[in-house]
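S.K.: One-letter residues, chain by chain:
2 protein chains.
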Amino acid sequence: MAPKVSKEHINQRRADILEAAKQVFCKKGFEPTTMKDVVDASGMSRGGVYQYFPNTEEMMRAILEDGMIEFNHHLSNLLSRHEQVWHAINEYIDLHKNAPSDHFGIVTYEYFVTCWRNHERRNYLQHRYSFGINYFIQFIQTGVDRGQFKPLQPVSVIAKFMMNVLDGLLLEQSLVNLNDQEKEDQYDALRFYLRTVLQINDKRMQKE
Amino acid sequence: MAPKVSKEHINQRRADILEAAKQVFCKKGFEPTTMKDVVDASGMSRGGVYQYFPNTEEMMRAILEDGMIEFNHHLSNLLSRHEQVWHAINEYIDLHKNAPSDHFGIVTYEYFVTCWRNHERRNYLQHRYSFGINYFIQFIQTGVDRGQFKPLQPVSVIAKFMMNVLDGLLLEQSLVNLNDQEKEDQYDALRFYLRTVLQINDKRMQKE
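Listed in order, the protein sequences are those of chains A and U. 7 is the number of the first residue of the first sequence in the numbering used here; add one for each residue after it. 7 is the number of the first residue of the second sequence in the numbering used here; add one for each residue after it.
Don't read these hints as lab results, they were simulated from the structure. Treat the hints loosely; a few may be bogus.
Remember, identical chains collapse to one label, so a pair may be satisfied in a single copy or spanning two.
[As the list claims (entries may be wrong)] Restricting the straight-line Cα-Cα distance to at most 30 Å, the calculated cross-link-like pairs of lysine-lysine (BS3-like) are:
(1) K103 / K33
(2) K156 / K103
(3) K42 / K13
(4) K10 / K33
(5) K156 / K189
(6) K156 / K10
(7) K34 / K189
(8) K189 / K33
(9) K189 / K103
(10) K10 / K42
(11) K13 / K156
(12) K103 / K34
(13) K103 / K13
(14) K103 / K42
(15) K34 / K156
(16) K189 / K10
(17) K103 / K10
(18) K189 / K13
(19) K42 / K156
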């Protein structure tokens, strides 16, 4: 009879496998990674890994789902720590700017860029995109609800624009050499847009 | 003795091969395309195609180089047709928005997104990025030189931001379903940023 395995143990094994998969994806890229690569990196048996995930596609989805939950928590946390939503946005932008480049962002990009010719993956991206946008909409809408933002464009438009710019900056930083000043300048351009479109008065802010 | 082949004939054959390659790339994606696919699509002999290009990588580079020359001509042409550079920018943005989706934009994206793990290709992207940015800088700088723009951020920052946003919109349109209004709104957001940062007075413009 197989020994009883605790729920914690199962979760820990799952997390270990996903961590190993993430490391291999970041080294080789998603498409070139095989199940054997992940098995080797995990230090577990082949059967042990397959018990949790049948292929790398499922591993990638699980990592992305976990990341999405974390992203939502992160935004909620920012909003609960800052009365001024503009400060929350700035902290978010700073974290994005200073995020250590572990390559996982660009791995995710590479995974999704094939969607135009991979319909099943495209459906998943569509779902993920809608969720991500909705989190950003809620984030900005909180500033409107708190009477701090007076947007000159619809909040959903601003949220999409912000997400597009941030995704682009991640891509740019992964693919071309930008020095720190160039990087800083691009985030400033985003802040310039947001400050104008949300009608932020920085002087008023400082009194908070 | 081989018959003499005119320069025009050589150029035409080269163009035909690249057109066939482009069509296959747009259907299958760059990475999955083999030389055999291109030979079949071109209707030429294997030897005939290899005489011009040793591999699909060289074909892709040639298509991208031709596109870069075209891009530069296109911007120059816009500037010579519009006294008001703001109108030239708007025409450029409209063309970008209404460009027929032949998938080649997203194919190019997919080609470059692997740069983080393909160093030789990364060098090429760096070179291409610098050229593209410089064309955009010249484009915007013309408006400054003509006394029409009073930029609140450095022109190079604005040019990079504009390129980042436009590339992101191309990617978004290829990967997720945006309706026409959502698409229009995103271009409006870019115009909002540019109008503010360049200090464009639309009312003054209309008198042109």
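S.K.: Please sort K103 with K42 into within, between, both or neither, judging by C-alpha distance up to 30 Å.
M.R.: neither (34 Å within a copy, 44 Å between copies)
S.K.: Checking an output row: K10 and K42, CA cutoff 30 Å. Within, between, both or neither?
M.R.: Result: close within a single copy only, 27 Å intra versus 55 Å inter.
S.K.: For the identical chains here, do K156 and K189 meet the 30 Å Cα criterion within one copy, between copies, both, or neither?
M.R.: both (28 Å within a copy, 23 Å between copies)
S.K.: Using 30 Å as the alpha-carbon threshold, which applies to K189 and K10: within, between, both, or neither?
M.R.: For K189 and K10, the Cα distance exceeds 30 Å both inside one copy (52 Å) and across copies (54 Å).
S.K.: For K10 vs K33, is the C-alpha pair at or below 30 Å within one copy, between two copies, both, or neither?
M.R.: Neither: 35 Å inside a copy, 51 Å across copies.
S.K.: Could you figure out if K42 and K156 sit no more than 30 Å apart (CA to CA) within one copy, between two copies, both or neither?
M.R.: Answer is neither; intra-copy 54 Å and inter-copy 58 Å both fail.
S.K.: First find the shortest C-alpha distance between K103 and K33 inside one copy, then the shortest across copies, and answer within, between, both or neither for a cut-off of 30 Å.
M.R.: within (22 Å within a copy, 36 Å between copies)
S.K.: Within a copy, between copies, both or neither: where do K156 and K103 come within 30 Å Cα-Cα?
M.R.: Classified as both; 26 Å inside a copy, 28 Å across copies.
S.K.: Within a copy, between copies, both or neither: where do K189 and K13 come within 30 Å Cα-Cα?
M.R.: neither (44 Å within a copy, 46 Å between copies)
S.K.: Reference check for the pair K189 and K103, CA-CA at most 30 Å: within, between, both, or neither?
M.R.: both (8 Å within a copy, 27 Å between copies)
S.K.: Within a copy, between copies, both or neither: where do K103 and K34 come within 30 Å Cα-Cα?
M.R.: For K103 and K34, the Cα distance is within 30 Å only inside one copy (24 Å; across copies 35 Å).
S.K.: Using 30 Å as the alpha-carbon threshold, which applies to K103 and K10: within, between, both, or neither?
M.R.: The answer is neither: 45 Å in one copy and 59 Å across copies each exceed 30 Å.
Going down the numbered hints, you'll see the structure goes against 4, 6, 11, 13, 14, 15, 16, 17, 18, 19, while the others check out.
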